[in-house]
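Colleague: As a plain string of letters, each chain reads:
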Amino acid sequence: KAGVTQTPRYLIKTRGQQVTLSCSPISGHRSVSWYQQTPGQGLQFLFEYFSETQRNKGNFPGRFSGRQFSNSRSEMNVSTLELGDSALYLCASSLSRLAGGPASSYNEQFFGPGTRLTVL
Amino acid sequence: GENVEQHPSTLSVQEGDSAVIKCTYSDSASNYFPWYKQELGKRPQLIIDIRSNVGEKKDQRIAVTLNKTAKHFSLHITETQPEDSAVYFCAASIWNYGGSQGNLIFGKGTKLSVKP
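Protein sequence lines, in the order shown, are assigned to chains A and B. Start counting the first sequence at 1; every next residue gets the next number (the numbering used here). Start counting the second sequence at 1; every next residue gets the next number (the numbering used here).
Heads up, a few of these hints could be off.
[To be verified] Only pairs whose alpha carbons sit at most 20 Å apart, straight line, appear in this in silico SDA-like list of lysine to any residue:
| id | chain 1 | residue 1 | chain 2 | residue 2 |
| --- | --- | --- | --- | --- |
| 1 | B | K108 | A | S79 |
| 2 | B | K42 | A | A2 |
| 3 | B | K42 | A | Y10 |
| 4 | B | K111 | A | L88 |
| 5 | B | K42 | A | Q6 |
| 6 | B | K115 | A | L117 |
| 7 | A | K57 | B | K111 |
| 8 | A | K57 | B | A29 |
| 9 | B | K111 | A | S22 |
| 10 | B | K37 | A | E108 |
| 11 | B | K37 | A | S22 |
| 12 | B | K42 | A | K57 |
| 13 | B | K22 | A | N59 |
| 14 | B | K42 | A | T14 |
| 15 | B | K42 | A | T80 |
| 16 | B | K42 | A | T5 |
| 17 | B | K42 | A | F110 |
| 18 | B | K108 | A | Q44 |
| 19 | B | K42 | A | Q44 |
| 20 | B | K37 | A | G42 |
| 21 | B | K22 | B | K37 |
| 22 | B | K37 | A | G40 |
| 23 | B | K108 | A | Q6 |
Keep in mind the hints are simulated off the structure, nothing from the lab.
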């Protein structure tokens with residue numbers, strides 16, 4: 001199976017602009033989570049989508065938003081970019097079993113290569 | 001919300017020695033604790049995980065222990081090798097079976113250097 005893919009891999013924007021990042025999960029995976037990675041704050045959870053619905057949200061301002069399509073592909077959008085938004089944005093997909101499956105169904109999150117966003 | 005503390009932030013060991021990284025979590029409802037390894041310029045990769053119904057799990061040279069009462073879990077790497085050099089992240093999550101996936105709340109990471 002192909003792994004998680006993210007596009008673009010690198011992006012340079014200026015303050016005030018907006019940006020859209022894309023994530024294609026592993027085939028069959030229905031959950032997509034987004035994380036921001038910076039040297040100072042480490043890996044921080046942004047939000048998670050499952051079946052086109054946001055299931056969880058981290059502590060980020062409303063400038064950060066996302067969505068998921070019927071094929072489980074996900075996009076995240078950052079509006080009014082700030083210098084502090086410069087980071088590696090990682091998405092991760094997981095199978096996320098539904099009720100009725102095996103009792104032990106914790107699912108590994110598989111990470112994509114990330115999109116390196118630089119805000120000037 | 002959940003908060004995960006990870007120590008130490010850097011760790012240097014000689015090849016063949018053991019390495020231990022410790023994490024504490026704040027939310028007693030957390031029940032899933034994965035460890036990720038991230039090599040320079042690469043994506044995080046799961047190396048081992050543990051669920052709250054298990055106290056210890058081993059996979060070759062890697063082991064993880066969980067103390068639910070104290071709310072801490074640790075990664076143990078034995079017989080370290082230069083290729084173990086990387087940043088290691090612990091994480092905690094609340095996994096409600098059949099319901100919310102839960103997010104992963106990560107520790108700040110430990111940079112492990114294994115000297116030959």
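Colleague: A separate judgement is required for each hint: does it hold in the structure or not?
Modeller: Now for the hints, and whether the structure bears them out:
A distance of roughly 26 Å separates the Cα atoms of K108/B and S79/A; the hinted pair therefore is violated under the 20 Å criterion. A threshold of 20 Å between alpha carbons decides the hint, and for K42/B with A2/A the separation of about 17 Å falls inside it, so the pair holds. As the CA atoms of K42/B and Y10/A are separated by approximately 14 Å, the hinted pair is consistent with the 20 Å bound. A threshold of 20 Å between alpha carbons decides the hint, and for K111/B with L88/A the separation of about 18 Å falls inside it, so the pair holds.
The suggested pairing of K42/B with Q6/A holds, with an alpha-carbon distance near 13 Å, which does not exceed 20 Å. Annotation: proposed proximity of K115/B to L117/A is violated, straight-line Cα distance about 33 Å (limit 20 Å). Only pairs whose Cα atoms come within 20 Å are accepted, and K57/A paired with K111/B is rejected, the gap being roughly 28 Å. Note on K57/A and A29/B: the hinted pairing holds, with a Cα-Cα distance of about 17 Å set against a maximum of 20 Å.
Between K111/B and S22/A, the direct Cα distance comes to roughly 29 Å. Violation of the 20 Å bound is thereby established for this hinted pair. Our distance criterion of 20 Å between C-alpha atoms is met by K37/B and E108/A, whose separation comes to about 13 Å. For the hint pairing K37/B with S22/A, the CA-to-CA distance comes to about 24 Å; that exceeds 20 Å, so the pair is violated. Distance hint between K42/B and K57/A is unfulfilled; the C-alpha atoms sit about 25 Å from each other, more than 20 Å.
A hinted pair counts as satisfied when its Cα atoms are at most 20 Å apart, and K22/B with N59/A does not qualify at roughly 25 Å. Among the hinted pairs, K42/B with T14/A is inconsistent with the structure: their alpha-carbon atoms are about 26 Å apart, more than 20 Å. For the suggested pair K42/B and T80/A, the alpha carbons sit about 28 Å apart, so the restraint of at most 20 Å is broken. This hinted pair checks out: K42/B and T5/A have alpha carbons roughly 13 Å apart, not beyond 20 Å.
Our distance criterion of 20 Å between C-alpha atoms is met by K42/B and F110/A, whose separation comes to about 13 Å. Among the hinted pairs, K108/B with Q44/A is consistent with the structure: their alpha-carbon atoms are about 9 Å apart, no more than 20 Å. A threshold of 20 Å between alpha carbons decides the hint, and for K42/B with Q44/A the separation of about 17 Å falls inside it, so the pair holds. Distance restraint check for K37/B and G42/A: the Cα-Cα separation of roughly 13 Å lies within the 20 Å cut-off, and the hinted pair is therefore satisfied.
For a cut-off of 20 Å, the pair hint linking K22/B to K37/B stands: about 14 Å separates their Cα positions. Of the pairs offered as hints, the one joining K37/B and G40/A holds, with about 18 Å between alpha carbons and a cut-off of 20 Å not exceeded. With a C-alpha separation of about 23 Å, the suggested pairing of K108/B with Q6/A is violated against the 20 Å cut-off.
Consistency note: the structure conflicts with the earlier hints numbered 1, 6, 7, 9, 11, 12, 13, 14, 15 and 23.
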